[in-house]
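For the protein sequence lines, the chains are A and B, in the order given.
If you read the first sequence in full-length UniProt numbering, its first letter stands for residue 1, the second for the next number, and so on.
If you read the second sequence in full-length UniProt numbering, its first letter stands for residue 1, the second for the next number, and so on.
Please keep in mind that the hints were generated in silico from the structure rather than gathered at the bench.
None of these values were measured; they are calculated from a predicted model.
Be aware that one or more of the hints could be misleading.
Keeping only pairs whose Cα atoms sit at most 25 angstroms apart, straight-line, the calculated DMTMM-like set for lysine to aspartate or glutamate is [as the list claims (entries may be wrong)]:
1. A:110 with A:149
2. A:32 with B:117
3. A:32 with A:90
4. A:110 with A:180
5. A:146 with A:130
6. A:110 with A:136
7. A:32 with A:102
8. A:192 with A:104
9. A:125 with A:186
10. A:192 with A:130
11. A:110 with A:90
12. B:209 with B:266
13. A:76 with A:25
14. A:146 with A:186
15. A:146 with A:172
16. A:110 with B:274
17. A:125 with A:90
18. A:76 with A:102
19. A:146 with A:133
20. A:32 with B:175
21. B:280 with A:102
22. A:146 with A:196
23. B:280 with B:266
24. A:76 with B:175
25. B:280 with A:104
26. A:110 with B:175
27. B:280 with A:136
28. B:280 with A:149
29. A:32 with B:274
30. B:243 with B:70
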Amino acid sequence: MLAQPAGTPVEAARAARGGPVLRVEGATLQYKTHRHLVTATYRVGFDVFAADRFILLGPSGCGKSTLLKAIAGFVKPVEGSISLHDRVVDRPGPDRMMVFQEFDQLLPWKTVRANVAFPMVASRKYGRREALERADHYIGLVNLGKFADTYPHQLSGGMKQRVAIARAMAMEPDILLMDEPFASLDALTRRKMQDELLSLWHQVRCTIVFVTHSIEEAILLGNRILVLSPHPGRVRALLETRRGADGLVPSEDFRALREEIQQMLFGENIVQEGAGI
Amino acid sequence: MSREFNEATFGPPSEEWAVVERPLPLLQRLFAHAALRRLLILLALAAAWQGYAVWADNPLMFPSFTETIDAFWTDIRSGVLLIKTGNSLRVLCMGYAIAVAAAALMAGLAMTTRLGDDLLSTLTAMFNPLPAIALLPLALLWFGLGTPSILFVMVHAVLWPLALNAHAGFSGVSDILRMAGRNAGLRGLPFITGILIPAAFPAILTGLKVGWAFAWRTLIAAELVFGVSSRSGGLGWYIFENKNRLETASVFAGLSTVILIGLLVEVLIFRTIERHTVRKWGMLR
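Chain A extracted, bound-state conformation (with noise of 0.2 angstroms):
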């Protein structure tokens, strides 16, 4: 068994540390388009530990970026619940930090020190001083220390999106939300970002949550991986990964996995993809 259906010893030691950062419980998920209401997800239900990389896997119309939103608190579920610390979620907050897919999350009228200092200032979280420093030092950690006082139109797509991930991780939320963060780079940039953005991890050990809809992307990056399945979006499994000591899945394990959640989402006729990560 490479992987591990939830419930089993690892849940119950994680049980054991303390309850679950995040819980959703049997949360149903709607939105209007100018002519339907959308089901986007159907009683989905998970909990994330602290320092989880949580990965939720699924489809495009599987309701994952909407899951996300809801989590963020920009949309409220119809049924079912999302808490955070056993706070029920039911507006936008600055102790989840949202990292989206866009680049132009950044505000262009600020400087890059500044977009990464604004959620710290505006939240009054930290004094103007502090948060200028840790700013300072989160754009370090992205390796973007040269480009501190430029503005975001001066930026490349892939910096934009490590200013981004920077201004998040500097607000040290209690749950760091990413929206398919790296899907609109190029496949070399991607690669570069998945790497940089397990080893800022390492570093700062926070949670996170992780929307994606690419398998490899999801084994890289993921601890424990959510697939859901889509129309209306479901949970189809729960899966963890195991790492070897360099804190990679080793490469027999990391194929098998990928079979193996291929299978539960498309089913069993499937034609190997050359698929890029």
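With chain A's structure known, arrange chain B on it following the hints.
Using the frame of chain A, we list chain B on its own:
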């Protein structure tokens, strides 16, 4: 290997093209300056004006460039032109400020309620085609001769284009930016000042520019119509008065002042704001 290929295809690099950077000839560099090119055009126009006026020799109808400059200088030194300009600018600032406040209110209303949105769209559609100056007779009826009437038509000239632009700007702020702001915990007024206004600033600035141009033209036009009773007339009145006295050179001087102030505000105020905001932020190229 690649070198062989290069040489085979393109031959050895020639001296002339192998230079990475080379200064352009002086004349080309001078012509790259827009200001210099414009200055040349202005000089040519002044020379043509002077030439035609001397040839026509009819200072009553068409004073020469030098006569105009002379009249301009005389009236500046006597203070007449400065006082009139000051009067005009004071009324302008008052009307502009009222209109900006009203536009902010309208745009705010349109942002928060659907009815306000419909109201703004309907009102702008109705009043935009109506030249502000056409309301002057009505304003005279309501407010009499004097500043309030001018203010009324000026507010009308500025309010609609500004409110329309601001509203379009606010509506155009991307969902991602809004979410980023709300994610940081901003709501209410801090959200408006911290996210919406800066994000909509390019559109707001365009509205302010258009509004300013409308205000200035409407003001001069309104001052042409009256000023009879008020002793403190503005630039428009100065032009009208001098026409009645057949001081044509002073009429030209007054017109030049109107142009000059329009240009100065555009270049000194709006371009400076633009350079330090939207251009620096990469929101406008």
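Pair hint residue 110 of chain A and residue 274 of chain B, alpha-carbon separation not exceeding 25 angstroms: 15 angstroms, holds
Does the alpha-carbon distance linking residue 209 of chain B and residue 266 of chain B stay inside the 25 angstroms limit? Holds, at about 8 angstroms.
Is the straight-line distance between the alpha-carbon of residue 146 of chain A and that of residue 186 of chain A 25 angstroms or less? 23 angstroms, holds
Hint consistency between residue 192 of chain A and residue 130 of chain A [alpha-carbon to alpha-carbon, up to 25 angstroms]: 30 angstroms, violated
For the pair supplied as a hint, residue 110 of chain A and residue 136 of chain A, confirm whether the alpha-carbon distance does not exceed 25 angstroms. Answer holds: residue 110 of chain A to residue 136 of chain A is near 14 angstroms, not above 25 angstroms.
Sort out whether residue 117 of chain B lies within 25 angstroms of residue 32 of chain A, counting only the CA atoms. 21 angstroms, holds
Residue 125 of chain A and residue 90 of chain A: Cα distance at most 25 angstroms? Holds - the C-alpha atoms of residue 90 of chain A and residue 125 of chain A are around 20 angstroms apart, at most 25 angstroms.
Does the alpha-carbon distance linking residue 32 of chain A and residue 102 of chain A stay inside the 25 angstroms limit? Measuring from Cα to Cα gives roughly 22 angstroms; hence the hint holds.
Pairwise hint evaluation, residue 175 of chain B against residue 110 of chain A, where the allowed Cα distance is 25 angstroms at most: Holds, because 18 angstroms separates the two Cα atoms, which is no more than 25 angstroms.
Within 25 angstroms, alpha carbon to alpha carbon, are residue 110 of chain A and residue 149 of chain A? It holds: about 9 angstroms lies between the C-alpha atoms, which stays within 25 angstroms.
Mind checking the alpha carbons of residue 243 of chain B and residue 70 of chain B for me, to see if they're no more than 25 angstroms apart? 17 angstroms, holds
Is the straight-line distance between the alpha-carbon of residue 280 of chain B and that of residue 149 of chain A 25 angstroms or less? 12 angstroms, holds
Comparing the model with each earlier hint shows violations of hints 9, 10, 11, 29; every other hint is respected.
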